Amino acid sequence: MSGVPEQGEALAGRGAALGPAAGAARASACAAEERRVQRRELLVAFGGSVGLFVIVAAIALGYAALGGSQENTAIVLLMNMVLVIGLQIFSGNSGVLSLAHVSFAGIAAYISAILSAPTLVKGTTIPDAPFGLAGVELPAPLAMIVAVVVTTLIAAVIGLAIARLSGISATIVTLALMLVVFAVLTNWKSLTGGAEAFYGIPVTTNVWWGLGAVFVALVVARLFKASRLGLRVQSTREDEVAASSSGVQVVRSRFWSWVLSSAVCAMAGVLIAHFLGAISPSGFYFTLLFLTLAMLVLGGEYGVTGAVVGTVLMTIVSEATRYLGDGPVIFGVDIPPLAGLSQLVQGAIIIVVMIWRPFGLLGDRELDGLLSRRLLRGARSAGGRVATASMETAAAGATATAEPAPETPAGATATGEAVPEAPAGPGTAAAAPAADAAPAAAALTVRGASMHFAGLAALNDASLEVHSGQVVGLIGPNGAGKTTLLNVISGLYAPTAGEMTLNGVSLNGLRPYQIARLGIARTFQTTRLFRELTVRQNLEVAASVARGHRPQAARSAAEILSQFGFEEIADTKAGVLPYGVQREVEVARAVALGPGILLLDEPAAGLNDAESMELVSAVRGIRDREGCGILLIDHDLHFVMALCEYIYVLDAGRIICRGAPEEVQRDPLVVAAYLGTRGGEAPATAPTMPALGEA
Amino acid sequence: MTDFLQQVLNGISLGSTYALLALGLAIVFSIIGLVNFAHGELITACGYVMFAGYSVGLPWFVYAGIGIVGTVITALLMERLAFRPVRDASPLTMMLTSLGVSIMIAAAFETFVSPRVKAVPAPDWISSAVHIGGLRIQAEHILTIGVTAVAVLLLLLLLKKTTIGVAMRAAAEDFNAVRLMGIKANAVIVTAFAISGFLAGLAAVLILARRSAVNPHMGIFLGINAFVANVIGGLGNLWGALAGGFVLGFVEVALRAWLPVNLSGFTTGFVFLFVAIALVIRPGGLFSPKVAERV
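Protein chains in written order, with the numbering used here: chain A, 7 to 701; chain B, 37 to 331.
A portion of the hints provided could be inaccurate.
Stated by the list, open to error - A partial selection of chain B residues facing chain A, derived with a Cβ cut-off under 10 Å: (1) G69; (2) V71; (3) P151; (4) N212; (5) F263; (6) W275; (7) L315; (8) P319.
Please keep in mind that the hints were generated in silico from the structure rather than gathered at the bench.
All values derive from a computational prediction rather than experimental measurement.
Think of the CB as a built atom: it goes at the ideal place given N, C-alpha and C, for glycine as much as any other residue.
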């Protein structure tokens, strides 16, 4: 730490506790602990999928035992279940509705059909098939494997493009994709035989094949959802911006869920082909799409259990409507006379579910979750400490675990003690360059950042730096460009000009997730939590990124939970928490990233004075424990003066002043900017500027 | 050259109907963020109302008018029964709801009327044509283009000159602000659906004048085309939707006219491939600037 004057010394005192050795030890202990936790979670999830499988198997085998058409219904149930579970893997976790997965089933069905149909049949149906396929005749199981692999590869290529899209755009592309696949299957006559049925496919699918596929699908889907990758995909579903700012590579995680789900849907497709023995393009079109969507939506697309329950219930409904419609008993091949009836019911079910239970009957609940939560609750209440998720406990937890807490009372000591010797000089231009001499200490530097929106300069040549162990304030009137600067630093905006570095590494041109992985964490002005995920999962998203990319700084989610006093709300969904607690969880999530620099966007917004002062000590606690530099935005001068050692004042996109709080407070430019003398109104005699004594 | 001009005329004509559909979809989307999958079913509904009018022996002008009124009522019913309850839900929930509505309407006609095609004949003068040079101009072309032009003009007047129109434009920017200004949210949304129903009704009459028949599933592809037009123009962008409708009309006519015969089956495939690629490259639509999400 040599050569770091003034501001660095404060850091030396605080950061010493976290030497490199301690960090490494912590990292390995943390990693081992996490591996244990993760293994247990996956085990529980696996147990859950086995449990589900047993139930499904009992239903299917029981029904199949009735023989005849009942057996076929059981097989259809299982095949549809595989398809719906496959769709759940992508749409449920990523929140992007895909209409194309039915087509992947179709592609796989056709590949397997073409490869396995007897050459004798193909000689008459598709004699001119390309690649000499008319002369190929693979055994059914081999054809099925090849079909699944090839379909997955095709899906992967398409996924490279689709994973970049989100929301409605993505859905529309999948719709287009479905129509394209249908057009190809119908019109590539030399390969598929066109719109008419492709027949002669060896019929091999029976209940056991169906059960095997369901087992694979269940385990894959459930383990994926419980896995770290699955969790990341879910975080992108909840909030893409927050996910990428927590280090999640949105496109990549979405891509893998797309590939996995396509593979499972392909599996369903080959089963269908080898069950029916004859397939046509229309079998993998709107009718099947609507059916699978109704199934997924009814049970709840966020969960694997929901997919299973929805499939079973919709199958019962379909059977009932078919009975009512008095159609022939051939499932799924041709539209029976009153097929309109079953679609009528499907449409009605989708509407009713959307209106009354948008997350389906089960939401994201899983069988294993229901069981294990009951077990865990018993275990936890034994040793659980009472925590009433409030700012109070967060602060208490913070100081409790902090090693030496140098300045606990937030009151009078605040500015006096925390501010190291203010740099010499009159508080403006000359102040900061002192730190330039020691670039290693300036963790984050921003040089000349400008940001123009369609000609409007939101930021104009703004420079600042934040040192490790320092709490820096960024204040300014509304619209001064504070949040824009934060967005530029965290990579959400690409600045028009300027240069940013973290510990000497350039941040320019990096994506938000890359910047987060380098150790810059942030919160948002309006909280952006992963609302449908639990508090623990919210933290785990960031903690898992830290483990992968900054192991020396990583800590387990459990550790953060107890540090913030969140034990009691660990398994509560973040979206249902009261406002103040949500803000804390967001801070905790940022801390879980093990940041070198923490950016807080108006952490005190909406808090009363007492809460603000508690926040002061909470933020200090974080700084002391993490040794990170903190840059916080607020326009509550009181709060900022009490907390920050160094302050930058931003006005109309320019840094108009910087220095220690008392210097900034005296600066006429700041007074003018804050009280609006430029606007012409007479400034009241600065009553809103807090006197140091009371801060 | 004449062939080219002929195709341009066909493109404008086809594009006009797509533009009418796309506009209706865009108005609703711009205000409540609903991607209405059931928009195409409005055409189906119009077709069946017209079929009913024809069955009882009414003249074309009358049943066309009743058809348009029926379409507006259908749109209002959709809003009241299905979309109002999910108005504040996520876009995904709204989209799935509309998918349910779409499935239900098509299935209802299939179940309660007939899965088969029903005749909705157009008067003879519609297919009459004049020849100028080598160019064949049908009454249907003139009618389509004229009706579209008048409808767009009326819409423009409504949006610029009436209170409700101004409120709708404002709602497209910031709905909450409009509510705070004392304008009833329901009034704005109901008007939007009424307009989208009216435009769809006009389009349906024009489409049925060409096809002379209705079936339960005719709406879905037209609805998808309206979608595609919106996507091309940028979702929720009214003039983008209008332009997107024409682009789609031209592309379709061009592919149909100049694609080699052995590939003609792939026309829709190519259109949607084009759409998919366009969207991947410009997720916000071809005509809208890239907008960064506010955080």
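Here's how the hints hold up against the structure:
1. G69: Hint holds; G69(B) Cβ to chain A Cβ min 9 Å, cut 10 Å.
2. V71: holds, 5 Å
3. P151: holds, 7 Å
4. N212: violated, 14 Å
5. F263: Holds, because the Cβ-Cβ distance from F263(B) to chain A comes to roughly 6 Å (cut-off 10 Å).
6. W275: Where the cut-off is 10 Å and the nearest Cβ of chain A is about 19 Å from W275(B), the hint is violated.
7. L315: OK, holds: L315(B) within 10 Å of chain A, min 5 Å.
8. P319: holds, 4 Å
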